Structure formats: structure tokens, C-alpha cells
Amino acid sequence: AVDAALQVNPNADGFEMCHCADGSDDWTNKGCCLASGMHNHNDLSGQGCLFEVAGIVDPNYAGLDMSIAGAIDLGTALQTWIDKEVSEPSAEFLCPAAGLEIDEHAKFGHYDSFAGSDEHITYYHTGNDRIRQDDVSSAESKAHTTAVSGSSGKYFQPKGLFVKVGTSQISDGYPMKIPHPVYVPDAKRSVDFVFEGVREKFVRNKICGTDTCVVSARLKPTATTFHKSGDTDGAGLPYDGLQPVGHVKGPSDSGRPEYLHQPLFFDGDEKLYSQEDCTYVERGDGNGIKIYRPKSDGDPGAFDESASESTYQLVEKSYVDQNSDDFQSHIDIEVATGLGARQRMRFGTSYSIWECNPTSHNKCSLAVGSKGQNECYASAGSSAFDGLGVLDKNDLTTLGRNNFTYPCSAANLITPRVVAGKILPMYWFEESTIHATTGEIDALADIAASYSKAGNVMIRVFAFFTIGMFLGFSMLFLCLCFEKKHSFMNSETPSAPATKTETTNA
244 AVDAALQVNP NADGFEMCHC ADGSDDWTNK GCCLASGMHN HNDLSGQGCL FEVAGIVDPN
304 YAGLDMSIAG AIDLGTALQT WIDKEVSEPS AEFLCPAAGL EIDEHAKFGH YDSFAGSDEH
364 ITYYHTGNDR IRQDDVSSAE SKAHTTAVSG SSGKYFQPKG LFVKVGTSQI SDGYPMKIPH
424 PVYVPDAKRS VDFVFEGVRE KFVRNKICGT DTCVVSARLK PTATTFHKSG DTDGAGLPYD
484 GLQPVGHVKG PSDSGRPEYL HQPLFFDGDE KLYSQEDCTY VERGDGNGIK IYRPKSDGDP
544 GAFDESASES TYQLVEKSYV DQNSDDFQSH IDIEVATGLG ARQRMRFGTS YSIWECNPTS
604 HNKCSLAVGS KGQNECYASA GSSAFDGLGV LDKNDLTTLG RNNFTYPCSA ANLITPRVVA
664 GKILPMYWFE ESTIHATTGE IDALADIAAS YSKAGNVMIR VFAFFTIGMF LGFSMLFLCL
724 CFEKKHSFMN SETPSAPATK TETTNA
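Quick note: the sequence shown, position 245, residue 488 per my numbering, numbers continuous.
Check each hint, because a few of them may be wrong.
[Unchecked claim] Straight-line alpha carbon distances no greater than 20 Å define the calculated SDA-like cross-link-like pairs of lysine to any residue that follow:
{"#": "1", "residue 1": "K514", "residue 2": "Y535"}
{"#": "2", "residue 1": "K444", "residue 2": "Y482"}
{"#": "3", "residue 1": "K449", "residue 2": "E683"}
{"#": "4", "residue 1": "K560", "residue 2": "E683"}
{"#": "5", "residue 1": "K463", "residue 2": "K514"}
{"#": "6", "residue 1": "K449", "residue 2": "K665"}
{"#": "7", "residue 1": "K449", "residue 2": "I690"}
{"#": "8", "residue 1": "K514", "residue 2": "K449"}
{"#": "9", "residue 1": "K397", "residue 2": "C451"}
Don't read these hints as lab results, they were simulated from the structure. Nothing here was measured: the structure is a model prediction, and the numbers come from that model.
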């Protein structure tokens with residue numbers, strides 16, 4: 244389109260010929276990463292590679308064969324092409340402009356788009372403190388959209404060479420003191436990672452190649468991950484530490500009550516471990532939850548809470564905090580180059596049972612218990628009763644059916660005492676990724692060794708130069724001191740004048 248416009252009018256406003264970042268201009272045949280170009284006033288610089296091929300450029304087109312490193316599943320790629328499936332590529336910013344201290348260098352390796360879009364709806368919100376079935380279709384619902392941003396975990400902002408000459412490393416292991424956003428696809432948003440801090444006795448984190456290791460830094464999620472922020476991230480939730488994703492992953496017309504968080508609610512509200520507040524369903528008996536997990540990796544056997552030697556651990560906030568290393572995600576990076584070496588991402592998923600609020604869902608109003616046999620929404624029942632005609636109210640009062648109540652959840656028929664909205668952890672997953680190969684780490688180690696060798700040579704040269712200068716000045720000083728006839732060293736004392744005494748006889 245750019246070519247055609249410029250052929251018709253070489254001075255067309257808003258159009259500029261494309262140029263490749265590698266210096267060639269053969270983008271029309273082979274494709275390349277663009278260093279410049281403009282189409283209808285849209286700057287194409289650094290917009291990635293042209294002519295992406297399904298199944299080759301990005302695993303979103305056709306999955307990789309995970310049993311063989313780097314292998315492409317060509318069968319899936321061909322089937323995708325045959326079925327004319329819509330491709331949903333993910334693009335990373337990998338063509339920054341040349342120069343020093345340019346802002347866009349900090350975004351190197353960041354996603355420009357993910358799954359075919361540069362923004363995604365994170366959740367819908369109607370002002371309620373929990374996900375409801377009609378949130379997506381409600382006229383009062385507001386869709387919260389988050390722009391795609393953050394790194395894939397492979398590249399981060401480099402710090403550069405900040406170590407003393409002669410050091411056998413190329414970094415000091417301390418990254419830049421800034422948040423490092425990493426895009427989390429399951430949350431449809433980025434999570435800020437920060438340096439874990441100096442370890443006890445200044446032990447350094449390392450990444451290793453074939454037989455040599457280099458100093459690295461470990462990044463971990465901030466303590467406010469998935470906490471409320473303004474009226475966007477996490478708004479409408481009763482707790483901090485959760486990200487609602489039910490509307491993203493569930494059926495398009497209703498969603499489902501699903502939440503993403505760190506494993507076992509790490510860095511979340513302490514109330515998540517009990518959830519005894521039931522006032523939102525107008526029930527105040529403290530019906531809550533307890534979370535248990537096996538104490539060992541083997542079969543824990545039948546669950547028995549009262550057993551003195553239970554094989555299950557009651558999960559409380561203190562237990563999670565004490566074992567934080569087992570639950571936190573982390574990313575190890577080489578600080579000087581910003582290369583992400585390896586990462587381990589840990590996140591958990593929780594579900595809750597749908598509420599059945601008669602004031603917001605018409606079907607729930609049909610499950611009224613007129614004798615107070617249900618345990619929730621008594622005020623809604625009272626309002627419904629007061630709305631009846633006088634004769635109807637008199638008849639129902641006579642029959643003892645004037646105490647309207649409703650189920651506490653959509654599952655009330657099967658489990659009558661279950662209260663909706665309790666957020667129950669179902670599972671947590673761990674994904675390990677090795678971004679830097681052994682060869683790449685070996686190359687960094689070679690650079691460090693070369694830097695150390697060059698530094699040692701310079702130190703020796705400087706030392707010899709200093710010694711030579713010292714000896715030279717010393718010799719000069721000695722020559723000056725022991726030169727016998729030198730003007731200021733050769734101090735001769737003049738002889739005393741002779742005194743002549745004459746005696747005169749009077």
C-alpha cells in the first residue's frame with residue numbers, strides 16, 4: 244500500500260518508503276524488521292517482521308512440538324491454513340532505533356500485542372463486590388480494558404557495565420531500581436517484578452553455563468500484586484490479592500466466578516483464609532472456609548480434621564508467609580545485558596459459587612421460601628411481601644407464609660447451607676521457562692573473562708608505570724642529593740679572619 248501510494252504521488256502526505264533495520268531494502272520479497280516507514284500517517288518503525296508465516300514465526304499460529312526443542316508442528320500449521328482459521332499473532336517490540344539513552348530501549352522485548360489485540364477486557368463490573376451471572380449482559384456493567392504491555396520475560400532494560408576493572412563479572416548483580424512489568428496472559432495484564440533485595444551474607448544469585456557461572460539478579464512480584472488500584476485493576480472485589488478473570492475465560496454471555504492470584508493467596512488479604520463475612524447475602528452466622536493441603540508429596544490418605552497427627556496442613560497466612568519461596572514466582576536476569584535467563588511463574592485459580600440475589604436476578608426471585616425455611620436475603624423477602632396486595636398479604640399471613648427468604652446460592656437445592664461468593668482455591672500451577680541457552684551464558688562468561696583479563700593487563704601496566712615513575716623520581720632525587728659540587732648542597736664554611744695583637748710599651 245505504501246509502495247502504491249508513492250508510485251502515484253512520490254510526495255504523498257503521510258506516506259514514507261519502508262526501510263529495513265539491517266540496512267537492506269528488500270522488504271518486498273523477504274520481509275524484515277522495519278527501521279522506518281509510514282502508511283497514512285501511521286509510523287511503521289519497529290513494527291516487527293513483515294510476511295509472518297503461519298506455524299513458523301509464532302506459536303500462536305501453530306503449536307510447537309514440545310517433545311522436541313524448537314520443532315514446529317507443521318501438521319497443525321497446514322491444518323490451520325486449510326481451515327482458514329483466523330491467526331492471532333503476538334508481537335514484541337524488537338526493532339528499537341539506534342542511539343544512546345533512548346526511551347524506547349526500555350521497552351525492548353515488550354509485547355505490542357497479544358493474541359491478536361493490543362488491549363483486552365480484564366473483567367466486567369457493575370459495582371457489586373463479587374462476580375455475578377448477569378455482569379456481562381447488564382446495562383449497568385462497565386467493561387474494564389487493559390492495554391497489552393510488559394515483557395515476555397526474555398528481555399529487560401539493561402543496566403550496562405557497572406563493575407570495577409579486573410572484576411571477573413560484567414555486572415554487580417544489582418538491577419535498576421525500577422519495576423519490571425511482565426505480561427501474564429492468564430490475567431490479561433502485566434505484573435510488576437522487582438529486585439528481591441540483598442541476600443544474607445551478600446550471597447549472589449547465579450546462572451550457569453557449561454562450566455562457568457555469572458552473577459544474576461532475581462526478580463519477584465511486588466507485594467501489591469493483584470491489589471486494588473484506582474477503579475480498574477481489582478475494583479469491585481471484596482479482597483486484595485485477586486484478579487477477576489471469570490468474564491475473560493468463561494462463556495461470552497455470562498462468564499463464571501473465577502479469580503487468578505498467587506498460590507494460596509500469597510500477599511493477599513488475611514481474611515481470604517477464613518471468609519466468615521456473610522452480610523452480603525444477609526446472613527451473619529460466620530459461615531466461612533478452611534483451606535488444607537497435604538503435608539507431604541505422597542498420598543496423605545483420608546482427610547480427618549480431628550486426628551492428632553493429621554497428614555494435612557491448615558493453610559493460614561502465617562504458614563504461607565513462612566514458606567513464601569515455595570509460592571512466589573521469580574525471574575533470573577543478567578543485569579548488564581538485561582537478558583532474562585530463566586523464570587518460574589506460579590499462579591493459582593479459584594472459583595466461587597454463583598450468588599442468587601433475588602433483587603438482581605429474576606430467576607432467583609422464583610426460589611422464595613415463604614415460611615422462612617431459607618436462610619438469606621430476608622430484607623429482599625420483606626420488600627417482596629410488602630409489595631403484594633392487601634388480600635394476598637392477609638391470606639399468606641393466615642397460612643403462616645409471610646416470612647419470605649431466599650437461597651444463599653445458586654446451588655442451594657443440593658447443598659442448602661452453602662453460601663455463595665466464597666472464593667475457594669482449586670489449583671495452582673507452575674511454569675518453568677529457560678530463555679537463555681547454555682551457549683548464551685557461556686558467551687557472557689567469556690565476555691566477563693575477557694573483561695577481567697583486559698582489566699588485569701591494564702592494572703599491571705598501570706602498576707609498572709607507577710613503579711617506573713617512582714623509581715625515576717627517586718633516582719633523580721638521589722642524584723641531586725649526592726652531587727658533591729652542587730651549588731645548594733656544597734656549603735663551605737669561611738675561615739675566621741686572623742687577629743693581630745700588638746703590645747705598645749708606655
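Hint check results:
no.	hint	verdict
1	K514 / Y535	holds, 15 Å
2	K444 / Y482	violated, 37 Å
3	K449 / E683	holds, 14 Å
4	K560 / E683	violated, 40 Å
5	K463 / K514	violated, 23 Å
6	K449 / K665	violated, 42 Å
7	K449 / I690	holds, 16 Å
8	K514 / K449	violated, 37 Å
9	K397 / C451	holds, 16 Å
Hints 2, 4, 5, 6, 8 from the earlier list are contradicted by this structure; the remaining hints agree with it.
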